[in-house]
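Please build the complex by placing chain B on the supplied structure of chain A, with the hints as guidance.
Protein chains: 2
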Amino acid sequence: MISKYTYGEPFNTEATVKFVEPSFSGIKYLKFSGNEFVLDLLENDIVYGLGEQIRGINKRGWKYVNWNYDNPHHHEDTNSLYGSHNFLIVRSSNLFGVFFDYPGKITFDIGYTDRSKMIIHPATTDLDVYLIDGTSEKDIVKQFRELIGMSYVPPMWAFGYGQSRWGYKNEDDVRTVALKYEEAGIPLDSIYLDIDYMERYKDFTVNLDRFRDMKGLATEMKAKGVHLVPIIDAGVKIEPGYDVYEEGVRKGYFCKNEAGEDFVGAVWPGKVHFPDFLTPEARAWFGSKYEVLTSLGIDGFWNDMNEPAIFYSEDLLEDAINKIGELNNGNMGIDEFFAMTDMIGGLNGNEAYYDKFYHCIDGKMVKHSDVHNLYGFNMTRSANEALNLIEPDRRTLFFSRSSYIGAHRYGGIWQGDNKSWWSHILQAMQQLPALNMAGFMFVGADTGGFGCDTTEDLMLRWLQYSMFTPLFRNHSCNGTRFQELYQFKTVEAMKNMIDIRYRLIPYLYSEFLKATFGNEMMFRPIGFDYPDDRDALNVDDQLFLGNELMIAPIYKQNANGRYVYLPEEMMLVRMNSANEICTEIMPKGHHYIDVSLYELVFFIRSGKSIPMCDAASHTSELDFDTITMVGYGSSRYVLYKDDGISSDLSKTLEKIEYKN
Amino acid sequence: MISKYTYGEPFNTEATVKFVEPSFSGIKYLKFSGNEFVLDLLENDIVYGLGEQIRGINKRGWKYVNWNYDNPHHHEDTNSLYGSHNFLIVRSSNLFGVFFDYPGKITFDIGYTDRSKMIIHPATTDLDVYLIDGTSEKDIVKQFRELIGMSYVPPMWAFGYGQSRWGYKNEDDVRTVALKYEEAGIPLDSIYLDIDYMERYKDFTVNLDRFRDMKGLATEMKAKGVHLVPIIDAGVKIEPGYDVYEEGVRKGYFCKNEAGEDFVGAVWPGKVHFPDFLTPEARAWFGSKYEVLTSLGIDGFWNDMNEPAIFYSEDLLEDAINKIGELNNGNMGIDEFFAMTDMIGGLNGNEAYYDKFYHCIDGKMVKHSDVHNLYGFNMTRSANEALNLIEPDRRTLFFSRSSYIGAHRYGGIWQGDNKSWWSHILQAMQQLPALNMAGFMFVGADTGGFGCDTTEDLMLRWLQYSMFTPLFRNHSCNGTRFQELYQFKTVEAMKNMIDIRYRLIPYLYSEFLKATFGNEMMFRPIGFDYPDDRDALNVDDQLFLGNELMIAPIYKQNANGRYVYLPEEMMLVRMNSANEICTEIMPKGHHYIDVSLYELVFFIRSGKSIPMCDAASHTSELDFDTITMVGYGSSRYVLYKDDGISSDLSKTLEKIEYKN
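These protein sequence lines map, in sequence, to chains A and B. Using our numbering, you'd call the opening residue of the first sequence number 1 and step up by one each time. Using our numbering, you'd call the opening residue of the second sequence number 661 and step up by one each time.
In isolation and in its complexed conformation, chain A is listed as follows (with noise of 0.2 Å):
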């Protein structure tokens, strides 16, 4: 059951879509002191959820603020990402699912101050709290998902491995990296532009000095069964001359300063202007510029720096310059110079900016910073609503930096620019089942992590962990070590992980469309299933995945094996390359297992088996006719599965029995 509480006049976020009745009476289980909510936590009890964020499963001990921020940096001290994703799942005396529809700044207090105390404020209290009751944690979620609407289902080939690199700076580059996949018998799906394609990093160009004929090479790499995906960025570039600037400026579609004039932010292109996406005008007139790609042969984008991230204004930076002259004024000192530093360090991504400008809403402006949090969200939409009449029949891929809930049903997201760090493997993995429960789906970590050096080690481990995730990319920072997979001497150990992930690909898919349709989670903490076993309860370093698998990679250097707790008896599966499949029936209870570095471990269900097919070189290729099942015996697996690409998704939808 929900009930609704609504305080003060909330911004309509479009979040939800089904409509509730309002309660008139206080709020349940929370207490509301008149800006904040406040809810006493016991001991043992769990808090779950706030989707792209920091910290373990349960999210208790920490400060969370909800403001979707441009944070590749991120550790443990963090307290914004990328996405802002207020729901959360209280198990305590009480069980229930809340949500604060709130699209400014929102704070999560969860036993940081207090342990005892979870506290939540938003800078201002006017929102919308949606507050579930349920008889199951799967129950809430489903209970939410079916409140926000069914997310976003991209094309098949999305579930293929794809190759991306902020670097790739021609066409030989491109060409470059399918080859090279090709030599190296690795399958591929896609690979991605980052900036560099663009013409100076203006949105909707095409470098042709570098990318002479983007429509051939489109069709060369199709051919080979590779899509190019292309970034979008949200800034659009000033520059006299260039129409979707000057188109912007005269339609009126850009954000404005206080003064009414459009505001001016810098990112990669210099100096931007941003699209006022929140206007159903300025979001059909961007979408509709995704065709100057689409004509070209592009069926997929990524749509980045939209929290949105801005390196500096111009106000600030001449404030920033002055000031310096003003501290250098004689004889500089310690207090001088690291007011200096501080002040330029914090330029980029400096909150001051987000007061300075405005959306135009019903003819209204509203201040950014009150509703920043959706920013991305509707930049996700309008790509989306654009190409479904641009291409109505087909799925396009989209997937996002920056979320709020709502931009599930538009598009997946990639987790931002996390490191090659070890530590971004569990982070990730954390992060999974709490996006799950906010309706984001389509969902996955850059492969090998972005900012700083990867080990070949490293890579491995991130492959074995990767290659259940829907999204799966190979994603890396210019400058940092090359990383595609042919870069390494195991080679042939990594293509043995991505051929494994394709013989996964029919499971997978019916997986994330079962949970799709059916709102639930595709990735679950282990005590979802067995809320009542405290042992399951603990575990934040495995996750059930659809019905019948539950992972556990390994996420330390130098490790051999590790710890798994099984809540049921399982059968551990070893696969060291696609055709070699090992089966164990391990008992319900805590086992230590070894893994090499080679090797792929994971657990399939009392009772349970899966779908395998042959792996192939594109998910184009695949054969369903060559499915085996791989489980227990005297077991059945409903698949789901569709031509992979019709916007209408039932039209082609088959439910296929198998039997082992």
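Rather than coming from a laboratory, the hints here were simulated on the basis of the structure. Possibly wrong hints are sitting among the right ones.
To be verified - To list a few chain B residues with every Cβ distance to chain A over 12 Å, as calculated:
no.: 1; residue: Phe671
no.: 2; residue: Val677
no.: 3; residue: Tyr689
no.: 4; residue: Gly694
no.: 5; residue: Gly827
no.: 6; residue: Arg835
no.: 7; residue: Phe864
no.: 8; residue: Asp869
no.: 9; residue: Asp1002
no.: 10; residue: Cys1020
no.: 11; residue: His1084
no.: 12; residue: Glu1229
no.: 13; residue: Ala1238
no.: 14; residue: Cys1242
no.: 15; residue: Asp1303
Stated by the list, open to error - Subject to a maximum C-alpha distance of 25 Å in a straight line, what follows is the list of computed SDA-like cross-link-like pairs (lysine to any residue):
no.: 16; chain 1: A; residue 1: Lys117; chain 2: B; residue 2: Phe1142
no.: 17; chain 1: A; residue 1: Lys63; chain 2: B; residue 2: Lys1149
no.: 18; chain 1: B; residue 1: Lys723; chain 2: A; residue 2: Ser423
no.: 19; chain 1: A; residue 1: Lys588; chain 2: B; residue 2: Gly1221
no.: 20; chain 1: B; residue 1: Lys983; chain 2: A; residue 2: Met343
no.: 21; chain 1: B; residue 1: Lys1155; chain 2: A; residue 2: Thr113
no.: 22; chain 1: A; residue 1: Lys63; chain 2: B; residue 2: Trp1081
Said to hold, decoys possible - Here are some of the chain B residues that sit facing chain A, going by a computed Cβ distance under 10 Å:
no.: 23; residue: Arg715
no.: 24; residue: Gly721
no.: 25; residue: Glu859
no.: 26; residue: Tyr861
no.: 27; residue: Met992
no.: 28; residue: Phe997
no.: 29; residue: Leu1007
no.: 30; residue: Lys1079
no.: 31; residue: Ser1083
no.: 32; residue: Glu1116
no.: 33; residue: Phe1148
no.: 34; residue: Asn1220
no.: 35; residue: Gly1221
Each residue gets a CB set at the ideal place from its N, CA and C atoms; glycine is no exception.
Chain B in isolation, oriented as in the chain A frame:
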């Protein structure tokens, strides 16, 4: 057996104390290519060592740069920390130890560039390499430790619990800390004074406005059983009229720039000169100044900023500010913006400074960067050697931030500026055995974390780890959340942990003395005692402590227990408070154990027992007549004890046998 190989013209670091005849044959095991040393690694080889460095107990899979560096923001991709300890043990087809006695920058690529190669690259090929064959890791360590000389032994009171914070600004702040600990009934042996106590950060001064009577305060505190431990920084403030500065200039004790003038860097005091600790004259002079404080009743010091940290130099700062002017010439673009932020961000700790000053050694100008890693070592040596003259009969507490092998004879170290991160508990623990290998016995990490905001649960878990380390200090940075134990609601649980520490001091101090006298490790990887047990070799989050204990702390948030591997039957000890002891015999093998947040667990090895005395408010009140034995029946323990203060370590040493 130790073999010594000399390359080029090594600088005499004084890391070693025993003469070893140089070998004239080529080096064993390693291949020397002319400028680097290479070893082929097999899949399961293990590389131990490197002292204070990042990553796990097995150092494989990263590139470490030993170059003493002030890096409070260290993560997985850090290469350099505060100390440089160039000693490794390789468990490969051969088992051997190797020490690269080189005081400049040296890189250890241990399977980073190529997983199957270890490549050691000193910046120049002027070094001694000591190669040690032995029957076991423990045997190799013993030989190495004999080579480098006996480790420093602090006064016994240094094993008490200490409270520190950058931010105790005056006498009343200090009194408040002492009083609040007293009121909470929490044992306390020391309060640390950070740079706040000095007059404008000038070494060997006391700010008389805020510390009117340091001698009175020290006396008052000592009457309460609390020692004041002030900080001493490496840089000497340039200020006409300041005697230390003027004398140093007059006598030529400071490092020089290329023109032969005293080199100027900027640190906390503003512009400073750096004493040339590499000369005996400057060491004796600077060391003699400690008497300013010992004459006030001070008997312990921590030496900081002695990498040496340099925030900026006048010329690079001026260059940077001029460059900003150029970059801002008209219309700053993105490239210019990042050039500016990188340049300003790169001023603090810039390596270029170390090429700009010189030591004068035996009349020869030696560029600082060639001997950089020796600076902190010789600062500690300066203090220790001087105090041997000032207080010849009494041990003084010294520990340093920066170090090199050799410094272990003169003082302890704390493990540098860390963060209030869960991962930094494990990181601190993983450094312990590597530090012991390198001779550093009096060691410990800033408990609760120095930078960032701590949480109550983090502090509890950190206490449950740090209570086993010789140096046990709670320290935090100005501006972070207060973390004195009385600041928390669970102060009672925290008191229980400190009480237990005091009960353990007889054992900890005894094992410290045994290991120090015997050139053994107090903290060892499990594999050092069980080299034939593959599971034991894999363990990287448990340590043997002395001959009787195994520690296995909890270092994950919201964990209600952990996995442990017992390579032999052991006794699990659970303590919720000083006098609640529950024991349980557990068989060899893998186990999951439940551990509440308020509970300490550790293990007593098969057939062993340990002495525990009654808890006391201060080490001075510990009563060895209250010793009871905990552990296996029919076991005995030989306790090493002395008066805890005499410089002559043998004078009052007793060995007392206890039976259980």
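Item to check | Those earlier numbered hints the structure runs against, lowest number first | outcome: Of the numbered hints, 9, 11 and 25 do not hold.
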